[in-house]
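Q: Chain by chain, the residues run as shown.
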Amino acid sequence: MNFDFSDDQKQLRDQARKFLAEKCPPKAVRVVLDGKAPYDKELWKGLAEMGFLGVAIPEEFGGAGAGHLELCVIAEEMGRANAAVPFSSTVYLAAEALLIAGSDAQKKKWLPAIASGEAIGTLALFEGKGNPAPKNVKLTAANGVLNGVKKPVADGAIADFAVVAARTGSSGRDGDISLFLVDLKAGGVEVKSLTNLDPTRGQAEITFTNCKAEPLGAAGEGWSILTQVLDRAAVLCAFEQVGGADRALEMGRDYALDRIAFGRQIGSFQAIKHMLADMYVSATLARSNSYYGAWALSTNAAELPEAAAAARISATQAFQHCAKNNIQVHGGMGFTWEFDCHMYYRRANAMALGLGSLSYWEDQLIDRMRKKNAA
Amino acid sequence: MNFDDTPQEAAFRETARKWIAANAPKQFEQELSKSSLGRIRLANHDMVEVGKAWQKKKAEGGWACLHWPKEYGGRGATPIERVIWQQEEGVYGKLTQPFQIGEGMCGPTVMAWGSEDAKRRYLPKLAAGEEIWCQLFSEPSAGSDVAGLRTRAEKQGDHWVVNGQKIWTSGAHYSDYGLLIARTDPNVPKHKGLTMFFLDMKSPGVEVRPIKQANGMQEFNEVYFTDVVIPDSQRLGAVGEGWSVSLTTLMNERMSIGARLATGVPEMFEFCSNLMLEDGLAIDDPAVRSRLASWAVKSSGLKYTSYRAISALSKGERPGPENSIGKLVSGMMLQDIAAYAMDLQGAAGVLTGSDEETVHGQFQQMLLSSPSMRIAGGTDEILRNIIAERVLGLPGDIRVDKDVPYNKIPTKGR
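Chains A and B are the protein sequences, given in the same order.
Residues -18 to 356 (my numbering) are what the first sequence spells out, left to right.
Residues 9 to 422 (my numbering) are what the second sequence spells out, left to right.
In short, the hints are calculated from the structure, not lab data.
Keep in mind that a hint or two might mislead.
[Claimed, not checked] Which chain A residues stay away from chain B? Per the calculated CB distances, all over 12 Å, these:
#1 M(-18)
#2 D(-5)
#3 K17
#4 E40
#5 G98
#6 E99
#7 R148
#8 G156
#9 P180
#10 S205
#11 H255
#12 A267
#13 A283
#14 T297
#15 L346
[As the list claims (entries may be wrong)] Only pairs whose alpha carbons sit at most 30 Å apart, straight line, appear in this in silico DSS-like list of lysine-lysine:
#16 B:K200 x B:K220
#17 B:K42 x A:K353
#18 A:K352 x A:K(-1)
#19 B:K64 x B:K133
#20 A:K193 x A:K119
#21 B:K42 x A:K352
#22 B:K102 x A:K353
#23 A:K(-1) x B:K323
#24 B:K323 x A:K(-9)
It should be emphasised that the depicted structure is a prediction, and the values quoted were computed from it without experimental measurement.
Ideal Cβ placement from N, Cα and C applies to all residues, glycine included.
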């Protein structure tokens, strides 16, 4: 059994960690946090130069042609660094949707632009409250134009193009939904930035008014493609969450060693030690579930739907748990703007909702486990 | 990343599988596969006798205590081969329960600290299940703080005289030998006055009494020592070095990589899939689904954590204290799952009989037994200390009795 990343993949992780430690210190994230820039453009350029944006994009489309395991190790480092760039929207959602369903022409147009850092992409799925479900898609597509409003759209205000879920039927079935590709710089698109929990990752409202759009994948296949995209993104986001959870745990541990109270390191009190031990436990469970997700993703295994849901749940819980208790370990200092704890707390709770809420994925997991048990 | 064996591992697995197919006591397969939680019982046979027969057969075929050197009854196998063997042995592994303390703790301690004569005399018989060993560490007033133990051993000529009491001794009533830690000097700080011995459990003055546990069962014992004589030749390590010796024993306790811990999740999933609530099946209820999902990902997380440890073993690495999480997570889960299953049963959940409505009382039994999972083999709190100190590098606890002579340490809280 070799249930681990290869030496080359670990080397890539080290390389990404070193790069991000240098180019993406908390100071750089704070520029975006404080609203001085919509995202870290310098870092985005650097990620393109390192080949990280296109690591899982085939060479014929301008990528490195490595694979999803390589993307997983980079995702973990992106989460650890809390990077303020549209990585997940562009790489996990837009690029994966194109890889699954794009025509050759669509892939040729957008994938090389993603890999080179010239194009930012996103997925426009949600329309206000609610989780991913065909019935929640109201935006319509008819005669090649879209009409409706999407919100929240992650990184919508800085994206060049979007994969848009639209209603093309009214039978009440999954086949009512189709996907479209929209150039957001063209006409018929109005974008408004929205304030949100995690200002280091923008959210937007996008209004489509008779907006020209080209189909992505076959008509009526939208929901089936989306399900695959969300499963892949669930695994990749889980790695970001695992990276974030690990970093939050590390911050808590370091502070517990540095801080003196009642004449001793606070890390010598069992109340603190046990809190940190529990954080370690949830981070470890999340990592192991995510590894299984990575295996399923990289081999396109039949187990992917169940593995993705398990990774998603476990990693969401771990990041929220570690980010929350990291603040607790820090005490009052952890509640200041100056300390970085809140940046991870914000990211953890924003990520917990990005692909659908925890309860949505719990529901998915149970359905998928039942399906397996029945088979 | 894959789940495949290396060619050598595959060959080893094939050999093991063939041998098991030809030799395992298949008549017990069904009964063994049914018992998933708690102690194993066989309806018409004595578990220890059946276990001994299987262990003996394994020893003759070279499949007992695989990772031990051949001259002491083992196979000289690698750690990963041992894991593969456990996977292949499957349900028959449950028959090894009476020998696990010997194989996992007493044997390795004798191997590390015993004389060559002792090793050749005792280890092969231990490996073959001919002689069963138990471990005599815990005492009524020395649990997590085992170094605070009171059982005294006093030197008289070339032998030692032991007086005191041990508790929570699994299998003492059918054991032939015991590994005993006792206080030989009460005038020095507690860790420094201990010495390790082994003794014949049939020695005069040894009395084994079963303990009636909180769950109503009797699985453990108290062992009383009244002027029990142990020859000095049965001392392991130097006088006063008992604590260092015991660390060998306890380290081995935590090396049980790849052992599947019961979490209660498969039982709970099945239960919820069949249970009719007022509004339909339990598994269709959003609150039930949410709880089930949280437990399921803990259970799968443990499974894949052990796969990562096995992968490390396969590469020749030595997995560390991070494996403490298995028992910590599964112990709490068992207790929570049991309580929730009973909650779903409503008023009938209080009944412990084996009727249809309460699924043969399995969750009630789980509820009553689960507290021991969170205590035995290191309490939840000790495991968290281990993770905090040895994995995360946090400071050790402040020990106010560290430099105090043992006989000056307070013995009463109030």
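Q: Next, verify each hint and record whether it holds.
A: Structure-based check of each hint:
1. Annotated as non-interface, A:M(-18) brings its C-beta within 12 Å of a C-beta of chain B; the closest such distance is 5 Å.
2. Listed as outside the interface, A:D(-5) is consistent with that label: its C-beta sits roughly 17 Å from the nearest C-beta of chain B, beyond the 12 Å cut-off.
3. For A:K17, the shortest C-beta to C-beta distance to chain B comes to about 36 Å, beyond the 12 Å cut-off, and the non-interface label holds.
4. Every beta carbon of chain B lies more than 12 Å from that of A:E40, the smallest distance being close to 22 Å; the non-interface claim holds.
5. Non-interface status of A:G98 relative to chain B is upheld: no Cβ of that chain comes within 12 Å, the nearest being about 28 Å off.
6. At the 12 Å boundary, the C-beta of A:E99 stays outside the reach of chain B, the nearest C-beta of that chain being 32 Å off.
7. In this structure A:R148 is separated from chain B by more than 12 Å, as the shortest Cβ-Cβ distance comes to about 26 Å.
8. Distance check for A:G156 against chain B: the nearest CB is about 25 Å away, which clears 12 Å, and the non-interface claim stands.
9. With a cut of 12 Å on Cβ distances, A:P180 stays outside the contact zone with chain B, its closest approach being about 30 Å.
10. Look at A:S205: its CB is around 23 Å from the nearest CB on chain B, clear of 12 Å, so calling it non-interface holds up.
11. Not every beta carbon of chain B lies more than 12 Å from that of A:H255, the smallest distance being close to 4 Å; the non-interface claim is violated.
12. Non-interface status of A:A267 relative to chain B is broken: a Cβ of that chain comes within 12 Å, the nearest being about 7 Å off.
13. At roughly 14 Å, the least C-beta separation between A:A283 and chain B is larger than 12 Å, which holds for a residue marked as non-interface.
14. Taking the minimum C-beta to C-beta distance to chain B, about 10 Å, the non-interface status of A:T297 is violated against the 12 Å cut.
15. Not every CB of chain B lies more than 12 Å from the CB of A:L346, the least distance being 5 Å, so the non-interface label is violated.
16. For the hint linking B:K200 to B:K220, the alpha-carbon distance of about 34 Å lies beyond 30 Å, and the restraint is violated.
17. Taking the CA atoms of B:K42 and A:K353, the gap is near 22 Å; set against the 30 Å cutoff, the hint holds.
18. The straight-line distance between the Cα atoms of A:K352 and A:K(-1) is roughly 43 Å, outside the 30 Å bound, and the hint therefore fails.
19. As the CA atoms of B:K64 and B:K133 are separated by approximately 9 Å, the hinted pair is consistent with the 30 Å bound.
20. With a C-alpha separation of about 17 Å, the suggested pairing of A:K193 with A:K119 holds against the 30 Å cut-off.
21. Between B:K42 and A:K352 the alpha-carbon distance is near 24 Å, which keeps this suggested pair within the 30 Å criterion.
22. For the hint pairing B:K102 with A:K353, the CA-to-CA distance comes to about 28 Å; that is within 30 Å, so the pair holds.
23. Our distance criterion of 30 Å between C-alpha atoms is met by A:K(-1) and B:K323, whose separation comes to about 26 Å.
24. Of the supplied pair hints, the one linking B:K323 and A:K(-9) holds, its CA atoms being roughly 15 Å apart against a limit of 30 Å.
Violated hints, listed in ascending order, are 1, 11, 12, 14, 15, 16, 18; each of the other numbered hints is respected by the structure.
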